[in-house]
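Going line by line, the protein sequences match chains A and B. Using the UniProt record's numbering, you'd call the opening residue of the first sequence number 1 and step up by one each time. Using the UniProt record's numbering, you'd call the opening residue of the second sequence number 1 and step up by one each time.
Worth flagging that the hints you see were computed from the coordinates, not collected in a lab. Accuracy of the hints is not assured; some may be wrong.
To be verified - With a cut-off of at most 30 Å between alpha-carbon atoms, the simulated DSSO-like pairs for lysine-lysine come out as follows:
1. Lys224(B) x Lys195(A)
2. Lys195(A) x Lys58(B)
3. Lys218(B) x Lys192(A)
4. Lys195(B) x Lys218(A)
5. Lys6(A) x Lys58(A)
6. Lys218(A) x Lys192(B)
7. Lys136(A) x Lys83(B)
8. Lys58(B) x Lys6(B)
9. Lys192(A) x Lys64(B)
10. Lys64(B) x Lys83(B)
11. Lys241(A) x Lys58(A)
12. Lys195(A) x Lys218(A)
13. Lys224(A) x Lys136(B)
Bear in mind the structure is a predicted one, so any value in this text is a computation, not a measurement.
There are 2 protein chains.
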Amino acid sequence: MAEILKGAEVTRSLNEDLARRTRMLREQGTEPVLGIVRLGERPDDLAYERGAMKRAEKVGVTVKQFVFPADMTQDALLEEIRKINRDDQIHGVLLFRPLPPQIDDEAVRNELAPEKDVDGITDISQAGVYAGTEDKGYPPCTAEACMEILRHYHIPLRGKNAAVIGRSQVIGKPVAMMLLRENATVTICHTKTVKMDEICRRADILIAAAGHIGTVTKEFLNPKQTVIDVAINFDEEGKMKGDVVFEDAEPVVHSITPVPGGVGTVTTSILMKHVVEAAERAQDSRRK
Amino acid sequence: MAEILKGAEVTRSLNEDLARRTRMLREQGTEPVLGIVRLGERPDDLAYERGAMKRAEKVGVTVKQFVFPADMTQDALLEEIRKINRDDQIHGVLLFRPLPPQIDDEAVRNELAPEKDVDGITDISQAGVYAGTEDKGYPPCTAEACMEILRHYHIPLRGKNAAVIGRSQVIGKPVAMMLLRENATVTICHTKTVKMDEICRRADILIAAAGHIGTVTKEFLNPKQTVIDVAINFDEEGKMKGDVVFEDAEPVVHSITPVPGGVGTVTTSILMKHVVEAAERAQDSRRK
Numbered sequence: 001m002a003e004i005l006k007g008a009e010v011t012r013s014l015n016e017d018l019a020r021r022t023r024m025l026r027e028q029g030t031e032p033v034l035g036i037v038r039l040g041e042r043p044d045d046l047a048y049e050r051g052a053m054k055r056a057e058k059v060g061v062t063v064k065q066f067v068f069p070a071d072m073t074q075d076a077l078l079e080e081i082r083k084i085n086r087d088d089q090i091h092g093v094l095l096f097r098p099l100p101p102q103i104d105d106e107a108v109r110n111e112l113a114p115e116k117d118v119d120g121i122t123d124i125s126q127a128g129v130y131a132g133t134e135d136k137g138y139p140p141c142t143a144e145a146c147m148e149i150l151r152h153y154h155i156p157l158r159g160k161n162a163a164v165i166g167r168s169q170v171i172g173k174p175v176a177m178m179l180l181r182e183n184a185t186v187t188i189c190h191t192k193t194v195k196m197d198e199i200c201r202r203a204d205i206l207i208a209a210a211g212h213i214g215t216v217t218k219e220f221l222n223p224k225q226t227v228i229d230v231a232i233n234f235d236e237e238g239k240m241k242g243d244v245v246f247e248d249a250e251p252v253v254h255s256i257t258p259v260p261g262g263v264g265t266v267t268t269s270i271l272m273k274h275v276v277e278a279a280e281r282a283q284d285s286r287r288k
Numbered sequence: 001m002a003e004i005l006k007g008a009e010v011t012r013s014l015n016e017d018l019a020r021r022t023r024m025l026r027e028q029g030t031e032p033v034l035g036i037v038r039l040g041e042r043p044d045d046l047a048y049e050r051g052a053m054k055r056a057e058k059v060g061v062t063v064k065q066f067v068f069p070a071d072m073t074q075d076a077l078l079e080e081i082r083k084i085n086r087d088d089q090i091h092g093v094l095l096f097r098p099l100p101p102q103i104d105d106e107a108v109r110n111e112l113a114p115e116k117d118v119d120g121i122t123d124i125s126q127a128g129v130y131a132g133t134e135d136k137g138y139p140p141c142t143a144e145a146c147m148e149i150l151r152h153y154h155i156p157l158r159g160k161n162a163a164v165i166g167r168s169q170v171i172g173k174p175v176a177m178m179l180l181r182e183n184a185t186v187t188i189c190h191t192k193t194v195k196m197d198e199i200c201r202r203a204d205i206l207i208a209a210a211g212h213i214g215t216v217t218k219e220f221l222n223p224k225q226t227v228i229d230v231a232i233n234f235d236e237e238g239k240m241k242g243d244v245v246f247e248d249a250e251p252v253v254h255s256i257t258p259v260p261g262g263v264g265t266v267t268t269s270i271l272m273k274h275v276v277e278a279a280e281r282a283q284d285s286r287r288k
């Protein structure tokens with residue numbers, strides 16, 4: 001019987017800390033503000049936005065919405081981002097992507113000021129994660145949510161073997177870099193990996209971010225293992241499932257995050273944490 | 001008896017290709033130019049510079065030296081770099097580091113225009129390697145030299161297990177990212193790795209970049225393995241040695257690079273390749 005690493009517990013502890021910090025910021029005259037930039041009305045974006053706004057309210061972060069038509073030109077969007085960059089009342093920006101087809105994703109995301117890049121989408125944020133430095137931009141929220149769960153539940157990382165399934169810029173690679181920084185020995189697996197089950201079975205920490213139901217079966221697991229299931233998949237009945245066959249894993253492994261109720265729950269709090277950090281940094285730099 | 005993966009053979013083939021391409025560039029009116037920026041007269045820098053100038057001459061790249069006093073101010077150096085950025089007669093820049101203590105390394109290296117960053121020192125180049133894209137800056141030359149050797153000797157990478165010893169931004173991490181891009185399954189080991197011998201023994205490709213004589217012994221090796229020894233160490237008698245105990249490895253493994261005569265030999269040719277690419281890109285963009 002594995003310990004279930006619930007996201008809610010991590011979130012509760014994070015939110016308490018954030019609420020305390022936003023109170024302090026407000027007392028000192030700084031209102032921490034997240035700007036949400038959305039083009040059009042995609043249901044996924046709207047759902048995430050509602051969740052973010054609720055979480056923001058809870059921890060004392062103000063949200064400013066910037067909603068534009070889905071057929072907006074790239075130049076107009078770039079101009080709006082430049083305006084937001086100049087606005088020192090906005091500390092962090094969440095830009096919904098994928099962007100509509102008339103817009104060059106790379107040009108737009110790199111227009112954002114790295115110090116406001118709380119979702120880790122700029123090249124500078126990526127270079128920061130890759131270099132293991134903290135002074136440039138922010139890591140992608142989902143990758144950091146994995147690390148926050150490991151930290152909260154005191155899972156040792158130093159000298160441990162970690163296997164990461166997936167090599168995307170949003171989860172696989174950044175979580176690998178962050179595990180490496182904590183002195184884990186990291187193996188990155190992907191669709192071309194041969195005998196993935198053997199490789200993963202040797203891991204003390206297994207991060208599953210393949211995005212396919214049933215990727216991680218019994219053969220991938222061992223009794224000392226901590227499993228972080230990052231994926232959000234939906235089965236034929238529309239039920240939310242991770243990459244891991246939970247019924248197989250739960251009796252075997254040491255500890256595991258559930259889906260739903262695991263990593264996904266923590267991600268929005270990490271976004272808020274980055275906004276609060278950005279507001280604190282902005283306040284510090286004004287004082288200098 | 002292992003196949004010895006000699007750097008000279010790789011270099012010869014690279015140089016022939018580069019000489020052909022620089023002839024073509026010159027016929028079309030573009031003289032490919034590498035700018036070398038050096039502060040002071042450190043013996044290491046001077047030795048590397050001599051090697052680079054010789055290699056440049058051989059393949060038809062012109063070198064312009066920018067030599068400044070070691071006590072130059074940061075502002076003065078930044079101004080010189082901005083001048084070089086604006087000079088469209090210079091296609092690539094090699095900046096010797098470490099820089100003197102009065103100069104902030106990060107500020108200076110990121111002042112360089114990414115399209116001239118043939119040594120892969122800017123954050124933008126690093127983000128490019130990390131993202132696996134080729135359109136931004138250049139990867140560090142030593143990391144690419146490892147890949148060039150593997151390519152030249154037709155070592156299969158797809159689905160193979162690669163172990164990298166070392167996690168620096170100059171070799172360990174970039175070579176891991178480049179192996180990943182070639183669809184190898186990559187494990188990154190370092191000083192905190194436990195049972196490194198076991199992990200490495202399972203690898204089909206072993207990249208040793210620890211920087212310590214005798215790191216890789218028999219226990220790390222298997223008969224199907226290709227070993228790339230990146231390190232340049234010197235023993236008590238001043239003799240150049242890699243990380244691998246060559247006498248132990250050579251009877252066991254499938255193939256191995258020697259030290260000296262392996263990776264180090266290829267690095268300068270990679271630098272020239274980047275200059276030629278930068279010159280070709282500059283020519284292409286002028287034509288548009």
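Against the structure, the hints:
no.	hint	verdict
1	Lys224(B) x Lys195(A)	17 Å, holds
2	Lys195(A) x Lys58(B)	46 Å, violated
3	Lys218(B) x Lys192(A)	29 Å, holds
4	Lys195(B) x Lys218(A)	25 Å, holds
5	Lys6(A) x Lys58(A)	19 Å, holds
6	Lys218(A) x Lys192(B)	29 Å, holds
7	Lys136(A) x Lys83(B)	26 Å, holds
8	Lys58(B) x Lys6(B)	19 Å, holds
9	Lys192(A) x Lys64(B)	45 Å, violated
10	Lys64(B) x Lys83(B)	13 Å, holds
11	Lys241(A) x Lys58(A)	27 Å, holds
12	Lys195(A) x Lys218(A)	14 Å, holds
13	Lys224(A) x Lys136(B)	42 Å, violated
Violated hints, in rising order: 2, 9, 13; the structure is consistent with all others.
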